[in-house]
Amino acid sequence: MNNNLYKYILGIADNSLILGQRLGELCGHGPSLETDIACTNISLDLFGQVRSYYQYAAKVIGDGRTEDDIAMLRKEREYVNVLLVEQPNTDFAYTIGRQFLFDVYHYLLLNKLQNSHDLTLSAIAKKSIKEVSYHQRFSTDWVKRLGDGTEVSHQKMQEAIDGLWTYTDELFHQTEADKIMVSEGVGVDVTSLKEQYYAIVSKILEDATLKTPESKWFQKGGKQGIHTEHLGYLLSDLQYMQRAYPNMEW
Amino acid sequence: MVSTEQHINQLLFPILEQVSDPEIPVLSIMEMGVVRSAIIENDIVKVQITPTYSGCPAMDVIGDDIKKVLSENGYNSEVELILAPAWTTDWITPKGRKALEEYGIAAPLDAEADKSVLLDGKRLVKCTNCNSKNTRLISQFGSTACKAQFQCDDCQEPFDYFKCLK
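Same order as they appear, the protein sequences are chains A and B. Each residue of the first sequence is one higher than the one before, starting from 24 at the first, in the numbering used here. Each residue of the second sequence is one higher than the one before, starting from -7 at the first, in the numbering used here.
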């Protein structure tokens, strides 16, 4: 059993699970049919990726827990997703802003994870990056459309970016497990992605006629299991069936 | 070492060809390129399949269908899902591309052209109804994760385009 590897996998996978669940909430509620389908398709990609990660995590931990147990039966404090992905679908600009700020990071992460010495993680990264490049195109496209759109769409997109900005720095924090995995050639040193991330994001915001926020005060805690109040509500939705009817299957 | 080569026992080919993609019933899994190997070892058929997209819900059904058709032909089988090498639309066979088009799904363009139709609104995708290239993107995501939604501005027919995945 490699506890650090297990933690490292969850550190990546939980982001996709929680963001996938957030996007799934839009099923039947998207602002238009096309965006509804797009958001739920992205959700499906993320859930697919999460399954691969959790199946591997279950194998690594080797104590009989299954991928479903890992997804459905942990407590709030045991989820180590970043705060960004658990933020609610306040409006479409927030949904797109959250997606965009995550996609740019996700792509850079997977690009490096492809070279992991861990063959399973490398294979999942090689598979996922193809899908994530489509996600990034979609969210970038919408940031530009809304930013460089009408007065109202511009204002809403700017508010969303301003509101979510405080959650971006956490993407580049390392946990102890991360550091050990980086030293073993398994993990990606996320601190090395930071500069490139902000350069890409700023360039796209500029293209979208939006301002890159100047605020230097950032929220953190997700990677240590300290979440915003939103995660609890999300999990009660996500876990309801397994909690109400333990071991139920479709 | 991973290989992009398929290893298919030729005895098994006609049997596996009977299994179709549940989302696109005109296309067999062989034409789709999702079967990466099929060998017979100690009287057990071992099949490796790879998903088109990570979240493809068809994979479980495909796995079950493979076991079923092999058992009807007297084989015990094991189906394994592998991720590497990752599936690419290049693995769709010419016969498969033709079947897609006839079914009303435009086959994937090369990577460069794909980018220009999805990002820059270039009109390069051929309408599956009237063959006109006067088509436009309606949505980057379509009825399944692997497709985008297009409409023809000549005959007005909406249709799916199979996105290039490389």
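Don't take every hint at face value.
[Claimed, not checked] Now the in silico label distances, taken between C-beta atoms and shown as ranges:
| # | chain 1 | residue 1 | chain 2 | residue 2 | range |
| --- | --- | --- | --- | --- | --- |
| 1 | B | I74 | A | H140 | 34 to 40 Å |
| 2 | B | I31 | A | E207 | 42 to 48 Å |
| 3 | B | A103 | A | Q262 | 24 to 30 Å |
| 4 | A | Y256 | B | I74 | 33 to 39 Å |
| 5 | B | Y95 | A | H52 | 38 to 44 Å |
| 6 | B | Q(-2) | A | P236 | 47 to 53 Å |
| 7 | A | E252 | B | A103 | 21 to 27 Å |
| 8 | B | K87 | A | C50 | 33 to 39 Å |
Hint data in this document are derived by calculation from the structure and do not stem from the laboratory. These figures come from a predicted structure and were not determined experimentally. Note that beta-carbon positions come from the ideal geometry of N, C-alpha and C, so glycine has one too.
So, going through the hints one by one against the coordinates:
1. B/I74 with A/H140: 34 to 40 Å: Roughly 19 Å apart at Cβ, these two residues miss the hinted range, so it is violated.
2. B/I31 with A/E207: 42 to 48 Å: Cβ of B/I31 to Cβ of A/E207: about 34 Å, so the range 42 to 48 Å is violated.
3. B/A103 with A/Q262: 24 to 30 Å: For B/A103 and A/Q262 the Cβ distance comes to about 40 Å; the hint is violated.
4. A/Y256 with B/I74: 33 to 39 Å: holds, 37 Å
5. B/Y95 with A/H52: 38 to 44 Å: violated, 31 Å
6. B/Q(-2) with A/P236: 47 to 53 Å: holds, 50 Å
7. A/E252 with B/A103: 21 to 27 Å: violated, 43 Å
8. B/K87 with A/C50: 33 to 39 Å: The hint (33 to 39 Å, Cβ to Cβ) holds, given that B/K87 and A/C50 are roughly 35 Å apart.
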